[in-house]
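Protein chains: 2
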Amino acid sequence: MLKLGIIGYGGIAAYHYKNLKKYKRLKVKGIYDLNPLRLEVGKKDGLITYASKEALLADPEIDIVLVATTNEVHKELSIEAMAAGKHVICEKPVTMSSKELEAVMEAAKKYNKVFTINQNRRTNKDFVLMKRSVEAGLLGDVYVIESRVEGSRGMPKGWRTIKALGGGMMFDWGVHLIDQLMYMMDEPVVNVFCKMYNIEYPEVDDNFRLTMTFESGLTAQVEVSTNNYITHPRWYVLGTHGTLRIEDWDCDGKIVRCLDKESVWEDEIVYTKAGPTKTMAPRRPETIETIILSEPMDVEDSITKVYDNLIDAIEGIKPLTITAEQAMRVMRVMEAAFESVEKQQAIQVKI
Amino acid sequence: MLKLGIIGYGGIAAYHYKNLKKYKRLKVKGIYDLNPLRLEVGKKDGLITYASKEALLADPEIDIVLVATTNEVHKELSIEAMAAGKHVICEKPVTMSSKELEAVMEAAKKYNKVFTINQNRRTNKDFVLMKRSVEAGLLGDVYVIESRVEGSRGMPKGWRTIKALGGGMMFDWGVHLIDQLMYMMDEPVVNVFCKMYNIEYPEVDDNFRLTMTFESGLTAQVEVSTNNYITHPRWYVLGTHGTLRIEDWDCDGKIVRCLDKESVWEDEIVYTKAGPTKTMAPRRPETIETIILSEPMDVEDSITKVYDNLIDAIEGIKPLTITAEQAMRVMRVMEAAFESVEKQQAIQVKI
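Respectively, the protein sequence lines represent chains G and X. Heads up, the first sequence is in this note's numbering, so the first residue is 47 and it goes up one at a time. Heads up, the second sequence is in this note's numbering, so the first residue is 47 and it goes up one at a time.
Excised from the complex, chain G in its bound form (with noise of 0.2 Å):
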């Protein structure tokens, strides 16, 4: 079976290490973290601990390194893993930068080694249901998705607040709901608009919001957030023909579709609270259908789903399917975000 070796034993390699208990394709055998509390929550779960980072890369029985350190030393990281005949998953973002990414990329082509980036919401079910119901045509063409995810309690302390360590909202959270996004779309990013807010650390965006636009003209709004009270809709999505709303990741949600498009408009008036107005008159309840959505139990959504991704291109298997590739598209639409906030520009690429 398949050994694998973690550096970095944080919270999120913790989750890894418990996912993988029961995995039948690999397992882990030791970790290494720079803080001794760490090493002994690891000793604690029975794992090996390793008195360096390069002891941990010396030891011939690891064939895979899980990088899932502060992000600022991915890249030094997978590249020195790699150099030592390790294939790699790394956490997210994959790096600080397209930069970094590309010394990570010509590495892996360098030592011949497998790597990939947990990117793992692309099997989130609330992701994978707004998908679904976009690619089954029930929206008609669609025209914006909007994608958030927003809590109140603030930033969690410690490095999420420190820029160089690779903090912030759109590093954590940014990252994954524009992988999906761009995952699902078949089509260039050309322009990216970005706003982001400093509420409570004055060095990283603890919220932000980003349009970016695709080449037909369909616009992505995301937004995160650490200081809404009250929520938005997981997901929101407007089509020709109808809307779709999901309200969180337990998926419930709905479908309302217009049935009489062309029906002809009556020269009728109503009068709200807020005055008169023909445009935002109601439909008649006989034209439109609601169609109530709820979590697909058919999709398994596991951490290792991605390892067996990894596994299965190790073994010569299946092809990679999160590839540093997708990782730098994604990339890039950050830094255009970045440089959207600096210049307060629109950005206009072809990702």
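Bear in mind the hints are in silico, worked out from the structure with no lab data behind them. All C-beta atoms in this analysis are idealised placements derived from N, C-alpha and C, irrespective of residue type, glycine included. There could be a bad hint or two in this list.
Said to hold, decoys possible - Examples of chain G residues lying across from chain X (beta carbon under 8 Å, computed):
# : residue
1 : 170
2 : 198
3 : 261
4 : 262
5 : 275
6 : 318
7 : 325
Said to hold, decoys possible - Straight-line distance between alpha carbons at most 27 Å, and here's what the computed DSSO-like set of lysine-lysine pairs gives:
#  : chain 1 : residue 1 : chain 2 : residue 2
8  : G       : 319       : X       : 155
9  : X       : 389       : G       : 396
10 : G       : 64        : X       : 319
11 : X       : 203       : X       : 73
12 : X       : 90        : G       : 324
13 : X       : 319       : G       : 324
14 : X       : 351       : G       : 324
15 : G       : 300       : X       : 300
Since chain G is already given, all that's left is putting chain X on it; use the hints.
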């Protein structure tokens, strides 16, 4: 009593008339419309119908002219009316461009007439409720205001679908929503980014999404659409200490506020259907409070408020509150929005 003549007797003019029937300070005397069918409607309403706009403007009894035609002739009719010695109330959008509005402003000065615009939505109850909540400091420092009006019936056919007549949702509803925000905010707009969509009509925006950034960094997101089968809330406002949501024109809504902004982050991870998250862990209920919002019963929202102010200004009682200068700012934001769409750029402004 002052007497009003109406040029352009469509749906909105009939609405003015209906609201002015019992109004004490002004009497509607007569109308002119190019369309004989609308003249018939005016006759049935008991109004004098003039044979031409010149005849209406030549009537010495007419003190004020309401310009309620399609938008492309607002400028010339307003100027002609003032040249004929009439004060003018013009429907929104005031003109087709800032250049046209300049000409109107010059005419008002030259002929020394009062010119106002029916930006009546400043007294809409939902808007007043939002504005009061923000100004009372209930949300802390506000950094995002989202204002949306969404219909599902497409645009009304007719002139609203024709660019040359001033059609499209930016001119129809955008002008109101932008006016509300600029009336509320005591600072310039510095950045305008806009996306427009042509879902049913190729010529004009039947949907738009506008991001206005004010000098302090506050972002206003203004969206109007005619193809949304599931609506967003009418208002959604983010402050450092709370969030406001008002559902609709009936003013149902709430504020959720934070009571322990300074509490220490607990090192806990929640496991959602979509995996673990520390950042998006929910707050403990005792750290927030909810304030239920409802219709502010003391607010009088009537078109007669606009006439009150116009007549006060004519009679020298009070200065005009809906001025051409304000309409010019709104017009310049709308022009920046169109420029943004054309260039696919954010437009730096100081408006």
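Each hint tested on the structure:
no., hint, in the structure
1, 170, "holds, 4 Å"
2, 198, "holds, 5 Å"
3, 261, "violated, 12 Å"
4, 262, "violated, 12 Å"
5, 275, "holds, 4 Å"
6, 318, "holds, 4 Å"
7, 325, "holds, 5 Å"
8, G/319 with X/155, "violated, 36 Å"
9, X/389 with G/396, "holds, 16 Å"
10, G/64 with X/319, "holds, 16 Å"
11, X/203 with X/73, "violated, 32 Å"
12, X/90 with G/324, "holds, 22 Å"
13, X/319 with G/324, "violated, 42 Å"
14, X/351 with G/324, "holds, 22 Å"
15, G/300 with X/300, "holds, 23 Å"
Hint compliance for this structure: hints 3, 4, 8, 11, 13 are broken, all remaining hints hold.
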